[in-house]
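J.: The residues making up each chain are set out below.
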Amino acid sequence: MTELYLGLALILLLTIAIGLVRILRGPTATDRMLAAQLFGTTAVAILLLLGQAAGNSAIWDVALIFALLTAVAAVTFVRRKDIDSTTETEEHDGTD
Amino acid sequence: MALTDLITAFLLLGSLGFFLAGTLGLLRFPDLYCRLHALTKADNLGLGLVVLALMIQSDSWQVVIRLLLIWLLVLVAGATVAHLIARKAQQDGHQPWRR
Amino acid sequence: MELALIFDLILLITLIALAWLLLASSDIFRAVVLFIAFGLLLALAWVRLGAPDVALAEAAIGAGITGALLLVGLGRLGSAEHYRGTRTRLTFLQRLSAPVLIGVMIPSISLILLLELSLHASATPGQQGLVNVLLDVSGTNHGVTAVLMNFRAWDTLLEKGVLLLALISIWSLDQARPLFRQNDISPQLTGLARLLLPIMIIVAGFVLWQGDHAPGGAFQSGAILSAGILLAILVGYTLPTRRQGLSLRLLLAVGFSVFLLVAAATLLSSDYLLKYPDSLAGSLILLLELVATASIAALLAAAVVGGHPPDDLSKPVDRSSAVNGGQT
Amino acid sequence: MSPALLYTGSGIILFSIGLHALLVHRHLLRKILAANIMGSGVFMVFIAMGVHGDSGVADPVPQAMVLTGIVVSLCFTAVAIVLAVRLNKLTGCTTLAVDEESSID
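Chains as they are written, first to last, in this note's numbering: chain A, 1 to 96; chain B, 1 to 99; chain C, 1 to 328; chain D, 1 to 105.
A couple of the hints might just be wrong.
[Claimed, not checked] If you anchor each label on the Cβ, the simulated ranges turn out as follows: (1) G93(B) <-> R194(C): 22 to 32 Å; (2) L24(B) <-> L5(C): 23 to 33 Å; (3) I185(C) <-> A17(A): 44 to 54 Å; (4) D271(C) <-> S2(D): 52 to 62 Å; (5) L83(D) <-> S26(C): 35 to 45 Å; (6) S57(A) <-> S2(D): 48 to 58 Å; (7) A17(A) <-> R242(C): 45 to 55 Å; (8) G205(C) <-> I7(B): 34 to 44 Å; (9) G93(B) <-> R86(D): 49 to 59 Å; (10) Q91(B) <-> N141(C): 47 to 57 Å; (11) R194(C) <-> K81(A): 32 to 42 Å; (12) I56(B) <-> L273(C): 47 to 57 Å; (13) L27(B) <-> R242(C): 49 to 59 Å; (14) L96(D) <-> R194(C): 38 to 48 Å.
Just so you know, these hints were derived from the structure itself, not from any lab.
Cβ atoms here follow ideal geometry from the backbone N, Cα and C, with glycine treated the same way.
All chains should be built: construct the whole structure from the sequences, respecting the hints.
T.: Structure (structure tokens):
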């Protein structure tokens, strides 16, 4: 069975490698972030398979953390237009 | 090959189909919204089948619950992020693709 | 060539291709997204190398914080487009560096290292055996935590000092501005945050507690907590102004100071620095891990915010864009 | 060709790519990314050298070192970004000034 897990993990890794084309070619910034989001999910699947193949449940914790945290980067991207890039800040008058 | 191994292998091959469809959709679909559609297939069904397949192999119920938690988290986060990205793209005036 | 080796080969080729594409890409935003993908694959590499602790840390920091940090940095640096206008005029040294580095450096260093590795691969069994022998006296039964918190506690102590130093330099440079303008935050986003934050806290506690007998520990759970803080900031939470004074500074410094106190205590009691008495080792490590998690979470989140809280907290900074006065 | 040698070799390549990019690119954020790639390369070599035989388990001491290294490299990135933002706020450009006489164009 472990060959099956490793073989599938291998194919999923290939889909990530192929998916890189979308990041390179993606016309808009949003397409690129989409591809990163898909890689997160595929990475979780690969980690689950690797964890099962190695019989080591610590690898599943890595998958759990990926499942939790890929949303943070994506949400930062969604709110990137609101990032406060105003160069003049009030503290110039007075403090320095 | 015990019966459970057979079922697991079958489920894993099914999940592979969804992941390939997700990646193919990401590359081939003409527009952001269609790609978003393809992407969420990969994580709720592709990952769902992987989790199901591994659940059959597991021997204790804690493992089952841990796998389920991982899948539900990816599901919730993926769906919400997909919605947020689509909403933001529409606000930025991204026109859906027309033939 | 069994499957595992093929998996490693493809993983490494993708990693190197990603690194090259990321550094050679014309648009900086694409470079940042490629870097997020690079972090994902790097965590896979650590798993393949049999280092689950490092994979946990890479996942928590790479997926959670680095992506957000770079995107905020890119947002604050303004649009990268204005940079694309001026073609880089490479200096002679820079133009020379390409052939020298790729042509000469890689073959020579790798040859030396690979020869060295193959010669000594069998000779020195590494410290795994040594760590296992001392494990039962170390207060934990997980090798990496024992090394981190007991055998090489000195490095961890200094590392906490480095984190504090980094934050002090960040605070000396800039005043904190609200990361995001407070316009309409979609209910779905607040819903997601309301769901994810408790789970993040529980998972962080689980990872911290697991550090005693399996991969996990203070660094990984601190990173998860700071990713949670980032998510809270994303959803519009700002630290209430009365919290931004002494209590924030205490939280940031608690990790380093408690570690210093313990080090001083061990120096006084036994004549070795950071040599825990065997009976107390377990509880001391637990205390240090708890304190380290809290301060790492605060330090990393404050580092991403990138500025010191406003000096006189009495007058709330009335910024047209920041609707509710307080700032993180 | 044991996996450890494979990872050591690719770690060295990553380091060289990062160093090359650090020298060639002028935009500050690119230099920060390049430095991160170099750090990852060093960590990979460090851990791959610690994998002995085909036990497939890395030595705990380099693991602990790299663990702290990853957190410190995140703080390095944060400080570098704040510096870049501060430079951008004061001078309005995102690249360091090149003193003219040294660049031959």
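J.: Each of the hints needs a verdict: does it hold here or not?
T.: The hints, checked one at a time:
1. G93(B) <-> R194(C): 22 to 32 Å: Holds, at about 30 Å.
2. L24(B) <-> L5(C): 23 to 33 Å: About 28 Å separates the Cβ atoms of L24(B) and L5(C), which means 23 to 33 Å holds.
3. I185(C) <-> A17(A): 44 to 54 Å: 36 Å, violated
4. D271(C) <-> S2(D): 52 to 62 Å: At roughly 43 Å between Cβ atoms, S2(D) and D271(C) fall outside 52 to 62 Å, so the hint is violated.
5. L83(D) <-> S26(C): 35 to 45 Å: 24 Å, violated
6. S57(A) <-> S2(D): 48 to 58 Å: 26 Å, violated
7. A17(A) <-> R242(C): 45 to 55 Å: The hint (45 to 55 Å, Cβ to Cβ) holds, given that A17(A) and R242(C) are roughly 51 Å apart.
8. G205(C) <-> I7(B): 34 to 44 Å: Given a distance of about 35 Å, which is inside 34 to 44 Å, the answer is holds.
9. G93(B) <-> R86(D): 49 to 59 Å: Distance hint for G93(B), R86(D) is violated at roughly 34 Å.
10. Q91(B) <-> N141(C): 47 to 57 Å: 53 Å, holds
11. R194(C) <-> K81(A): 32 to 42 Å: 23 Å, violated
12. I56(B) <-> L273(C): 47 to 57 Å: Given a distance of about 53 Å, which is inside 47 to 57 Å, the answer is holds.
13. L27(B) <-> R242(C): 49 to 59 Å: 52 Å, holds
14. L96(D) <-> R194(C): 38 to 48 Å: 43 Å, holds
Checked against the numbered hints above, the structure violates hints 3, 4, 5, 6, 9, 11; every other hint is satisfied.
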